[in-house]
Amino acid sequence: MSSLENIKLLREKTGAGLGACKQALAECNNDVEAAVTFLRKKGLADMAKRAGRETKEGRVSIKVSEDGNTVAMAYLGCETDFVAKTADFIGLVDKIAEYMLANPDVTDYTADQKIKDMITELAPKFGENVSFNKAVCWKKGEGCGVINYYLHSDNKKAALVEMMCDKTDGCCGKKEEIKEFARAIAMQGVGMVAQYLTESEVPADVIEKEKDIAITQAKNEGKPEAAIEKMIPGRIKKFFKDVCLLDQPSIKDNKKSVQEVIDEESKKLGVNLKVTRFVRF
Numbered sequence: 039m040s041s042l043e044n045i046k047l048l049r050e051k052t053g054a055g056l057g058a059c060k061q062a063l064a065e066c067n068n069d070v071e072a073a074v075t076f077l078r079k080k081g082l083a084d085m086a087k088r089a090g091r092e093t094k095e096g097r098v099s100i101k102v103s104e105d106g107n108t109v110a111m112a113y114l115g116c117e118t119d120f121v122a123k124t125a126d127f128i129g130l131v132d133k134i135a136e137y138m139l140a141n142p143d144v145t146d147y148t149a150d151q152k153i154k155d156m157i158t159e160l161a162p163k164f165g166e167n168v169s170f171n172k173a174v175c176w177k178k179g180e181g182c183g184v185i186n187y188y189l190h191s192d193n194k195k196a197a198l199v200e201m202m203c204d205k206t207d208g209c210c211g212k213k214e215e216i217k218e219f220a221r222a223i224a225m226q227g228v229g230m231v232a233q234y235l236t237e238s239e240v241p242a243d244v245i246e247k248e249k250d251i252a253i254t255q256a257k258n259e260g261k262p263e264a265a266i267e268k269m270i271p272g273r274i275k276k277f278f279k280d281v282c283l284l285d286q287p288s289i290k291d292n293k294k295s296v297q298e299v300i301d302e303e304s305k306k307l308g309v310n311l312k313v314t315r316f317v318r319f
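Residue 316 in our numbering sits at position 278 of the sequence shown; the count goes up by one each step and never skips.
Because the hints were derived from the structure by calculation, they are not lab data. Some hints here could point you the wrong way.
[What the hints assert, rightly or not] Below are the DSS-like pairs computed for lysine-lysine, each with C-alpha atoms no more than 30 angstroms apart in a straight line:
id : residue 1 : residue 2
1  : K101      : K217
2  : K213      : K279
3  : K152      : K213
4  : K293      : K249
5  : K306      : K177
6  : K178      : K212
7  : K195      : K94
8  : K279      : K290
9  : K305      : K293
10 : K152      : K195
11 : K306      : K294
12 : K261      : K290
13 : K80       : K94
14 : K305      : K217
[To be verified] Have a look at the derived ranges for each label pair, beta carbon to beta carbon:
id : residue 1 : residue 2 : range
15 : K290      : C209      : 19 to 29 angstroms
16 : G106      : T236      : 21 to 31 angstroms
17 : E215      : G179      : 17 to 27 angstroms
For every residue, glycine included, the Cβ atom is placed at its ideal position computed from N, Cα and C.
I would like the entire structure built from these sequences, with the hints used as guidance.
Rendered as structure tokens:
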């Protein structure tokens, strides 16, 4: 990727200024991800723009079984919006998602030979690099619950949510209400760029990286060592509120966390609701 393209990408990822992006890339040998960390340590990167934001073009396709208990979601990437909107590209990602729905037990769709063959057959038509590295197919877990999704209007961002209730002896009779509520939670995940469901899902190396960034920021601000040590837990807690779906402030009422909104809905419906799975593309 050229230096100009990397500058554009870095600005989109961080919200930092042109000069800061140029400096960061120069310091980091034109490595965009390293430059993101460089800018964050200096306090120049916007966390909201940084967190998992998609910058390349592509399209998400979601297919649902007739009974609603199996859902496939595929993301096919390309280089330009023009290709992403062509009938051939849309048809290809839809075909991939349909194949996934018909074959829900495949361990790794990105390594599946039939999908690779589908892509290889059409790739020359696009004249661009095509990537396929995001794909999930869920079968609803045992018990009363639903899987629902939210697909953004640009067809580039989407999320799946599996929501279960505590009814163990059949259906709670609130399936449609739970399904609609699950969609709202999926919309939250897309809109607020959630990366994990809970704090326990955040990998240890990601947490250590955030600690390192927080320590460097505090040192740059001239904070004493004793104060820095006390500050770090709070900084990490704030990070969790940014990236973990259940910890995020609700987009409907930012004074409440998503988990608190779920607890309120549980009381309203007379069942205990729990988000058991979440994924965002």
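Now the hints, each set against the structure:
The suggested pairing of K101 with K217 holds, with an alpha-carbon distance near 16 angstroms, which does not exceed 30 angstroms. Distance hint between K213 and K279 is fulfilled; the C-alpha atoms sit about 29 angstroms from each other, no more than 30 angstroms. Annotation: proposed proximity of K152 to K213 is violated, straight-line Cα distance about 35 angstroms (limit 30 angstroms). Restraint check: the Cα-Cα separation between K293 and K249 comes to about 26 angstroms, which is no more than 30 angstroms; the hinted pair holds.
Of the supplied pair hints, the one linking K306 and K177 holds, its CA atoms being roughly 27 angstroms apart against a limit of 30 angstroms. For the proposed pair K178 and K212, the alpha carbon gap of about 16 angstroms is at most 30 angstroms, so the pair holds. Straight-line distance between C-alpha atoms of K195 and K94 comes to about 11 angstroms, which keeps the hinted pair within the 30 angstroms bound. At most 30 angstroms may separate the alpha-carbon atoms for a hinted pair to count; K279 and K290 meet this at roughly 16 angstroms.
At most 30 angstroms may separate the alpha-carbon atoms for a hinted pair to count; K305 and K293 meet this at roughly 19 angstroms. Between K152 and K195, the direct Cα distance comes to roughly 25 angstroms. Compliance with the 30 angstroms bound is thereby established for this hinted pair. Note on K306 and K294: the hinted pairing holds, with a Cα-Cα distance of about 16 angstroms set against a maximum of 30 angstroms. For the given pair, K261 sits about 36 angstroms from K290 by alpha-carbon distance, which is inconsistent with the 30 angstroms threshold.
The straight-line distance between the Cα atoms of K80 and K94 is roughly 26 angstroms, inside the 30 angstroms bound, and the hint therefore holds. Restraint check: the Cα-Cα separation between K305 and K217 comes to about 16 angstroms, which is no more than 30 angstroms; the hinted pair holds. At about 27 angstroms, the CB distance of K290 to C209 agrees with the hint of 19 to 29 angstroms. Judged by the Cβ atoms, the range 21 to 31 angstroms given for G106 and T236 holds: they are separated by roughly 25 angstroms.
Checking the proposed 17 to 27 angstroms range against E215 and G179 shows it holds: the Cβ atoms sit about 19 angstroms from each other.
Hint check: violations occur at hints 3, 12; the rest are consistent with the structure.
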